[in-house]
Amino acid sequence: MNNLLVVPLIIPIITAVLLVFLREQIMLQRIISFITMIFISIISFLLLNFVQTDGIIRLDFGGWIPPFGILFVADSFSLLLVLTANVLTTICLLYAFSTIGERHEKMFFYPFVLFLIAGVNGSFLTGDVFNLFVCFEVMLLASYVLVALGGKKRQLRESLKYVIINVVASWMFLIALAFLYGTVKTLNMAHIAQRVAEVGQDPVLTTVAILFLIVFSLKAGLLLFFWLPGSYSVPPTVVQALFAALLTKVGIYALIRTFTLMFPLNQDVTHTIIGVMAGITLIAGCMGALSGRDIYTIATYNVIIGVGFILIGLAVGTESALTGAIYYLIHDMLAKALLFLLVGMMFYVSGESVVKKMSGLIQNYPLFGWIYFLVMLALAGIPPLSGFMGKVLIGQGAIENGSYVLLAIGFASSIIVLYSLLRIFLASFYGETTISYEDRKPIPRGAYVAFVLLALSIVCVGVGAESLAIYVKDAAKTLMNPSIYIDAILKG
Amino acid sequence: MIAMEILEWVAVILVLIGSIISVISAFGLIKLPDVYTRSHAATKSSTLAVMACLLGAFIYFWSHDGYVSIRLILGIIFVFITAPVAGHLICRAAYRSRVPLARNSGQDELKSILFDGDIAATTVQTIEKEKSEENQ
Amino acid sequence: MKINDVILRTVVKGVVFIILTLGVYLFFSGHNAPGGGFIGGLVLGSGIVLLYITYDLETVHRKMPFDFKKVAALGVLLATGSAIGAIFFDAPFLSQTDIYYTFPILGEKHLTTVTIFEAGVALTVIGTLVTIILSISEDE
Amino acid sequence: MTIEIAIILIPFIMAALIPLFNRRLQKSFIGWVVLVIPVSLFLILTTYIPRIAKGETFSHTYWWIPSFNINFTTYLDGLSLIFSLLITGVGSLVILYSIFYLSIKESLHHFYCYLLLFMGAMLGVVFSDNLMVLYAFWELTSVSSFLLIAFWHHRKASRAGARKSMTITVSGGVAMLVGFLMLYAMSGTLSIREIIGNVDEISEQTLFIPALVLVLLGAFTKSAQFPFHIWLPDAMEAPTPVSAYLHSATMVKAGIYLVARFTPVFGGEVVWFWAVTGVGLLTLFWGAFNAVRQSDLKAILAFSTVSQLGLIMSLLGLGSVAVHLGYSTSSVIYTQATFAALFHLINHSTFKGALFMMVGIVDHEIGTRDIRRLGGLMSILPFTFTIALIGCFSMAGLPPFNGFLSKEMFFAATVSITNLDIFSIASIGILVPVIAWIASVFTFIYCAIIVSKTFLGKIKPDILEKNPHEAPVGMLISPFILIGLVIAIFFFPNTLGAYILKPAMSSVYPTFPATAEMTPHIYAWHGFKPELFMTIGVILVGLLLYRYMKHWIKIYRLFPQKWTLNAIYERVITSSENISESITNRYMNGNLMHYFIYIYVSFVVIVAGTFLTLEAFSWTPSLDAPVENYELLLVFIMIFASCALIFAKSRITAVLLNGVLGYAIAFFFVIFRAPDLALTQLVVESVTTALYLICFKYLAELKPEKTSKRVKLSNGIISILVGSTVTLIGLAVINYEKFESISVYFEDSYKLAGGKNIVNTILGDFRAFDTMLEVVVLLIAGLGIYTLIKLKAAKKGDADT
Amino acid sequence: MFAQFLLNLFLALLWLLLVDEPVPQLTTFFTGFVVGIGILYVMHRFFGTQFYLRRVMKILYLMLLFIKELLSSSYLVIKQVLTPNLQITPGIFTYKTSLQGEWEITALALLLTLTPGSVVMEVSESGDVFYIHAMDIEESKESIIRSMGKFEKAILEVTR
Amino acid sequence: MKETILLLALVFFMVAIALLLYRVIVGPSMPDRAIALDTIGVNLISAIAIVSIVLSTKAFLEAILILGILAFIGTIAFSKYIERGVIVDRNGDS
Amino acid sequence: MESLMMILIGVLVTVGTYLVLSRNLIRVILGTAVLSHAVHLLILTMGGLKKGAVPLLSQSEGPFTDALPQALILTAIVISFATTAFLLVLAYRTYKTNGSDDLQELRGMSDE
Ligand code: NA
Ligand code: NA
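Taken in order, these protein sequences are the chains called A, B, C, D, E, F and G. Counting with our numbering, you get residues 1 to 492 for the letters of the first sequence. Counting with our numbering, you get residues 1 to 136 for the letters of the second sequence. Counting with our numbering, you get residues 1 to 140 for the letters of the third sequence. Counting with our numbering, you get residues 1 to 801 for the letters of the fourth sequence. Counting with our numbering, you get residues 1 to 160 for the letters of the fifth sequence. Counting with our numbering, you get residues 1 to 94 for the letters of the sixth sequence. Counting with our numbering, you get residues 1 to 112 for the letters of the seventh sequence.
Just so you know, not all the hints are guaranteed correct.
What the hints assert, rightly or not - Here are the simulated BS3-like cross-link-like pairs (lysine-lysine), alpha carbons at most 30 angstroms apart as the crow flies:
(1) A:K106 to A:K152
(2) D:K554 to D:K458
(3) A:K491 to D:K751
(4) A:K357 to D:K792
(5) A:K441 to D:K792
(6) D:K706 to D:K649
(7) D:K706 to A:K153
(8) D:K790 to A:K106
(9) D:K738 to G:K50
(10) D:K466 to D:K27
(11) G:K51 to D:K738
(12) G:K50 to D:K751
(13) E:K96 to E:K150
(14) D:K703 to A:K152
(15) D:K453 to D:K562
Since the hints were made in silico from the structure, they are not lab data. Remember, it's a predicted structure, so these values are computed and weren't measured experimentally.
Isolated chain A (complex conformation) (with noise of 0.2 angstroms):
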């Protein structure tokens, strides 16, 4: 059964390689790619509860023992986020069938999509820093092609940025594990816990720790977040969308191991580090959202609120913020994919970006109008969607805490997401409408299908958050309580 635990990242690889070879079939590259996500998607909600049942799974891979060989980790907190991430994926497939055009499709673009997934849950997964890191380039290769997919001007200037910039990322990573593996001397992340927690995490630990937070917030956009905006708004909507709900989310995910598991020991430093931080990229998040005036910026920036938030839950670390933390990373993955497939097709029909220039859409496209409404909805934590519970969570942990700063720019950041959002939907959706209904752009069926999942993926986990619930306060139990990591994988 353990084996089970590659599936999320070898079945998307294999599947890519094969349909390499197919790549004139473009009809049978849909199946192929669908099936294969809905397979992986299946897999790891059995391994949530296998999960539950069991407790922490792992694969060593090869049979090495930890913690000398590589292994993947299976904890609710990491399940949650494969299952989240591989189901926005299948939906966006379904967007992308009907959007993303045949040149596109003959390019690899399934495999690049499937390659991005198999890194994003890899990172998610694995148990061993350096691997870590391999799963990142992994996913990072594949996004570098993604978004320069169809070479406009425009798109490989910016894609060209956000390489370098993750280039330099990514060495910096390196000079982390570098000094990681010169202070600890082992790659395996419960050992390193284990031996960090054995000397107590002194100064020169924590910052090697620091030097983490630096090389995973530029992944996560905490702070560092300069790469974002321009990426984020030129490669096709599905991409787009794609990056939105994965890329920075493994960032976060990286934030929240690396300071609950390996370096939790030293939190005045680290966690009012990254308090700060998370404190000055929601300011800038807003600052960025309300200086928008085309939608993409808008959106981009609240990718970078969105980031912002969900590090308070880690900044304030007590057990309700990470289980908010993680409520949060849940709603924001699906609701990010689903606000820039929305963003994507304004831009499609409309033709414009540029939020003024656009009016009265909601007449010729009514339920992709509502649908924007409820995104917007859900980002700025209206109940009972899906950003409320991790709010609510993380503003309860932050009250524990009396991180009252960090609270107040949380909440106050879900007002300007709303403003920010609304005045998208006042000015382009609401107004008056110069095309007549028959004139208009009709909206692709398979769209339609992608807006319509993710919104019943909104309001189901918002209003089902009691189903959640187990999982999610098992992974934050987990968070909490590192020894049960580390037991799970050194002893037995």
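Guided by the hints, dock chains B, C, D, E, F and G with the ligands onto chain A, whose structure is given.
For chains B, C, D, E, F and G with the ligands alone, coordinates are given in the frame of chain A:
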């Protein structure tokens, strides 16, 4: 035993000679007036230097460990074959990209053949390229 | 005057054999000496690239009509396939096995699944390296 | 499923059904179908009246998110009942009115859907015992209000009004949520009743006052209290039935509900007293004062609503004193303010609802609401005039209408509060009746304006041209029912008091014995008390001022247009957008160099900052391995080559120098006993160099950097800082020898994995997974490059999204 | 020529089979090879061609020639480098060879390049004219051309 | 003694490399640089051979051969680049 | 030796960073190359230098130098190669479509 000792010393001396030749040829690359003459230094003396060293190493491993390294022999042969090719190619490239001969050069029987026909067409272009690539 | 590459081409013809042999040697010697799939693949790839440099795209493509993208993909399939094989024997993913088998003429040989894995690695390296060089060189 | 939950759910279910059956339903029919809902709900709710009057309460819990204590706990007591009756009662009348008011051409299904959504949400607010559920419904009322205000969204003003109301009320809601979370942190429960039960423990905690303030923010924004009232006049862009319903009778009273509901929790606090009373009075005055200058009938009513909400709010503030004093025979008197608040709440809904409907009729029939263009309508719209007259009289506090009763009680309460000697009332308490009186004068004036400017005087000729006539009967039914109530309540106030208000009082004062005389008998005439003189004063001064309005109206010009709250709000929004934009554009300028500067500076500040602050640096060079001369030379060569790289003027030189570095590193790999590395590095370096050369065909030659000396210098400093950070940390780390490396394990590679090359065994076996993935990375890069080159942007009509 | 070599290999293999060891040894194979050489030398006139090892000897000679040229030319370069006031006149001259075929031309070019003071810069399109850069054209042109003949002969010995 | 001489030889090679580096940086022409880099590669071969002797290991002998190959390929590539601006021709006509 | 290497690494990082901060695309890419050189050396240094024999069991009895960093660097080298290759192609494609290799000109304000 003594034979081995002597062989080892031979090896070491070969290495030392190689290194000295190498320094001299490197010095030649500094001193000689143009790229063509410098290529003489590079393709000949340096090759000799490396061959001496590799031979030294070969002898050393042979005497010290009784190990006959085919790789070293292959290496020697390889360098030996390729060094002149490299010299030839670089000189040709230099000439075709119009790197001038040293000022005190004598006859040049290639110039008329190579550049007469298309001088008008290519000179300007090449010279510009030259300028931009080599303004150090 | 047209460039006459006779010297280069003649020498390269000989040299490529040395390089390719070395590449294969490095590939096989990896488990006990420096080398392995990566370096073997890189050296083999470099050999092919040398051919491309010395000749030209069309000529080499006529003589080696592979789609190197597919070579690379095949390599990944081989590597992942050898890794996944273990699953069917109820061993953890990526478990490698090895046996000592006595062949009729060659004598006792050490056979391991790692070799398949490394072959995959080597193929990928070759495929990718050549794909990259070719794609760029073919660009308008 | 109990009835209470059904009451909440039915409107939602219906709201969901309307869009589904929209096509099957005749448009003229839809309103009638919808009307069934509030009417039946109202009827069901009336059946509760007797039982609740007896002191019963009804509570049921439905699990929603029990893991986090968030559950649907419905709680129906006197307070909820008042509000739910208002919601369903006024709701019925408004829907009935809308059936005639709204043209069949409008998108009625949207309208009724939103309206039902609102009704359900509002019922949810007043029925919820759980704070989070309450919050959920609270925000839903804002959302449905937004949708209704923007109902005519093709109008710019509608959209602006909707945005403003949404922004302000949701912000308040968020503040309230934080307040709720603080209450939860203090009490450990989300149930309002349990919190009320534990007030004593909570009130000592430091978060108590912040929670109080935050909850009040929610209430004030929702109930349009100064200075948050600015959204309400703009919300008048909604269809008039909506204004009547949401923005005067129900939604804006949610804040009142909240304050009443939380009086048992916070009521004892001086902050609460002054905040609620003060803001209420200020709002009362400011609303009335501003209503006078409006020329749009709806705007007058909007400000009037603001003002009346302030009145109710201030009454609740005054009544909270009783909570502070605790139960005693002398303190009971102060509960009368709360009683008056609840009473006026109902009264206001009746007369203000009627007035809005009146304005709707005028607008509907005449086509304008501008009093400057109206006049003399009395003869054309006699029934409407009746509604206006009665409504305005009641609002102005004249008998024989219900407004008179509650206004009198209000005056009484303001006067009696001045007797208290707590909360520094003794010093400034006198202001309370003074402000109340002044505000009432203005109330009188705008009431007079509504009646006279619309219905009295001469008819403007352009109106006559349109040949207007009285509204259809259907439109008159609802306002007449309300007017009827205005009069009925005046004559039978104590029935209302006994059955409706009394149980609500015990919700506000749960600790007070129910037997106490918290439900005073309401008399229309109670002798020559100060309040009577105040009323008479209001009428006299009001008439006088109305008569000479031309002379003093100039005072409004003293308030410069630039400094109105609205202008300030707009300016704050615009300037925060502009400042955000200029700041964001300044640093997010697309210049990669700047991004890198931010990143590197953060890197240095955070990492080196931590490193130095924690004093993590240490260095013991004696532990180092020895250095040979040639190694030193090689290091110098590398340093030299790398520095030369910076100054390289041609790209080939630069690439060659990079190659030199790569080769030198390969040589270091040799020196440091890493054969596989050396091999790989050599090949990769050469291939990379070849790649550079191949790509140079498509790239330009290096140009000299056009950056200024200053930039170069600062870049240089940053680079040196980054480099030294790495070096310093590295020096500290190389001597960190607390653990043995796990690689000792790999030295058994032959036994474990059958390979004698340890590095290769790690790559092929121990860490084969890395290798497998890195092969994937290579493949992605290869395919990616292929894609990048082959897939070029389509020329035009590129349909990809 | 090549047939002789194959035959030699065959003889060695035959030897290996004849000896019939439990595990075949490389040394046995070599012994067989040497035996084969002997047999072939005796028999080579029956083939009507040269004894193939003679060709090998020629190749060895050519290689020695290469090495000698390398040594002497290096000596010359070193001398020139170490001469304080260098007085040389470099230049380019042509040389027409009688050799044909890519291997012959390549070998000659390589030899020439290793010759003291000369580098082959171009080969004409037809492949028979060399353009040679001489370090000191006045002094060494003649000697270069003289040694060219020697080289051509040595190469021909091997190839034909 | 032997080791000292070997280390001395290494120092010599480093000096040679340093001199060649000067040529790489100063040029003046591209072929000059290419020759210098090629020669650096060749000198590194020697240096690796010496280090192998000093460390008494055979592990780096492959590196020697490979470096030889690479220096050769590199030089070809450079000279083609200098001569034609392209490293891999599209077809035989060019 | 370790300290010396740390200083060298520091210099390489400085140079790499300085180049990354350039306006010219090629310089930036070369900067990343120098940075990756530096980090490879760093990883090796972190494993300790000259602490044992070449990690080949066939050549020595041990103690061996730390083999794990070597394996890590190998992976890192390959990944960095893949990235650099992609980056180079992306760079020239950008140059060709945008007509500039100056990152300040590639800010992207003018044409939107
Ligand atoms: Na990288
Ligand atoms: Na590199």
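Structure-based check of each hint:
This hinted pair checks out: A:K106 and A:K152 have alpha carbons roughly 17 angstroms apart, not beyond 30 angstroms. Between the alpha carbons of D:K554 and D:K458 the distance comes to roughly 25 angstroms, so the proposed pair stays at or under 30 angstroms and holds. Only pairs whose Cα atoms come within 30 angstroms are accepted, and A:K491 paired with D:K751 is accepted, the gap being roughly 24 angstroms. A threshold of 30 angstroms between alpha carbons decides the hint, and for A:K357 with D:K792 the separation of about 29 angstroms falls inside it, so the pair holds.
Straight-line distance between C-alpha atoms of A:K441 and D:K792 comes to about 25 angstroms, which keeps the hinted pair within the 30 angstroms bound. For the proposed pair D:K706 and D:K649, the alpha carbon gap of about 13 angstroms is at most 30 angstroms, so the pair holds. With a C-alpha separation of about 24 angstroms, the suggested pairing of D:K706 with A:K153 holds against the 30 angstroms cut-off. Between D:K790 and A:K106 the CA atoms are separated by roughly 11 angstroms; this keeps the pair inside 30 angstroms, and the hint holds.
A hinted pair counts as satisfied when its Cα atoms are at most 30 angstroms apart, and D:K738 with G:K50 qualifies at roughly 19 angstroms. Between D:K466 and D:K27 the alpha-carbon distance is near 28 angstroms, which keeps this suggested pair within the 30 angstroms criterion. Annotation: proposed proximity of G:K51 to D:K738 holds, straight-line Cα distance about 17 angstroms (limit 30 angstroms). Between G:K50 and D:K751 the CA atoms are separated by roughly 25 angstroms; this keeps the pair inside 30 angstroms, and the hint holds.
Annotation: proposed proximity of E:K96 to E:K150 holds, straight-line Cα distance about 14 angstroms (limit 30 angstroms). Restraint check: the Cα-Cα separation between D:K703 and A:K152 comes to about 25 angstroms, which is no more than 30 angstroms; the hinted pair holds. Between D:K453 and D:K562, the direct Cα distance comes to roughly 29 angstroms. Compliance with the 30 angstroms bound is thereby established for this hinted pair.
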